[in-house]
Amino acid sequence: MKFAAHLEEHYKVKINPESMFDVQVKRIHEYKRQLLNCLHIITFYNRIKKEPNKSWTPRTIMIGGKAAPGYHTAKMIIRLITAIGDAVNNDAVVGDRLKVVFLENYKVTLAEKIIPAADLSEQISTAGTEASGTGNMKFMLNGALTIGTMDGANVEMAEEAGEENLFIFGMRVEDVKAMDQTGYDAASYYHRLPELKQAVDQISGGCFSPDQPDLFKDIVHMLMNHDRFKVFADYEEYIACQERVSALYKDPKEWTKMVIHNIGSCGKFSSDRTISQYAREIWGMEPSLEKIPAPDDPR
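If you count the sequence shown from 1, position 177 lands on 177 in my numbering, and the numbers rise without skipping.
Simulated from the structure, these hints should not be mistaken for lab results. Cβ coordinates follow ideal geometry from the N, Cα and C atoms, glycine included. Accuracy of the hints is not assured; some may be wrong.
To be verified - The calculated lysine-lysine pairs, modelled on DSBU-like cross-linking and capped at a C-alpha distance of 35 Å, are:
1) LYS12 x LYS138
2) LYS12 x LYS253
3) LYS217 x LYS268
4) LYS14 x LYS54
What the hints assert, rightly or not - Computed beta-carbon distance windows for the label pairs:
5) LYS257 x GLU112: 38 to 46 Å
6) ALA111 x PRO295: 26 to 34 Å
7) GLU18 x GLU164: 54 to 62 Å
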């Protein structure tokens with residue numbers, strides 16, 4: 001409720017506090033695949049519009065991060081997110097079943113609010129591109145479940161909690177490498193998957209930028225012709241995985257059970273363990289049992 005009030009006050013978006021808080025906060029970059037998240041938002045939006053009387057799991061999808069000053073594509077991704085949000089948030093048919101918020105000026109003070117409030121943590125970079133990452137661990141420690149690829153620290157999190165306790169989807173590193181060898185044909189996915197085609201056509205056709213129909217043509221051209229991070233290749237599995245997320249969220253008992261298991265499995269990621277291991281293996285130090293005097297102790 002507190003964070004819902006924060007969103008309404010600062011972003012002028014009234015959300016359903018009972019909705020799933022679906023969060024992706026990190027720097028804006030093609031390899032982080034905020035565009036894959038956008039395609040899911042559009043797909044979910046289209047499904048609600050098609051079947052407005054169906055019992056959908058409500059979501060508030062929040063994306064936050066900053067773009068490097070000279071990174072044009074990243075800045076256009078931000079514009080796309082906000083454009084989609086404008087369309088979704090003002091659609092009376094959709095109502096409070098889906099809201100989209102771009103979290104401006106993402107920083108530590110905002111992270112302190114959003115991470116404890118999150119239900120779902122989006123860690124969806126292309127397998128093999130993330131060095132490690134610690135944001136996913138912070139979400140896990142605070143009780144958010146993870147949807148993600150087997151990339152970066154997601155691999156270690158799956159080892160600790162069990163892959164069945166994360167929502168894992170998409171290509172593995174070896175699959176990406178194999179596709180690099182054989183070639184990635186984005187058009188084949190576009191023509192084979194009707195919902196993907198619809199979403200891409202909406203972006204390219206100005207559905208989310210009616211005053212500037214060609215505003216996002218560069219993004220679509222990149223996705224169709226030279227997408228190094230293979231967004232379309234993981235789209236189908238990502239959408240299916242999001243359906244699993246929605247189904248589980250409707251069962252509070254099972255959702256909470258998985259949350260507790262995740263929190264109980266993330267001791268490895270605590271700073272205590274990290275510092276202890278560094279001291280022992282890097283610095284060659286062992287714990288001292290000598291008691292350190294208090295600051296006001298005259299000794």
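> Quick one: are LYS257 and GLU112 within 38 to 46 Å, going by C-beta?
Replying inline: Given a distance of about 27 Å, which is not inside 38 to 46 Å, the answer is violated.
>> Next pair to validate is LYS14 with LYS54; report whether the Cα-Cα distance is within 35 Å.
In response: holds (22 Å)
> Holds or violated: 26 to 34 Å for the Cβ distance of ALA111 and PRO295?
Replying inline: holds (31 Å)
>> Given the hinted pair LYS12 and LYS253, is their Cα-Cα distance within 35 Å?
In response: holds (32 Å)
> Taking only the CA atoms, is the gap from LYS12 to LYS138 under or equal to 35 Å?
Replying inline: It holds: about 27 Å lies between the C-alpha atoms, which stays within 35 Å.
> Are the Cα atoms of LYS217 and LYS268 separated by 35 Å or less?
Replying inline: Roughly 44 Å between the alpha carbons, so the hint for LYS217 and LYS268 is violated.
>> Can you tell me whether the CB distance of GLU18 to GLU164 sits inside 54 to 62 Å?
In response: violated (27 Å)
Checked against the numbered hints listed earlier, the structure breaks hints 3, 5, 7; every other hint is satisfied.
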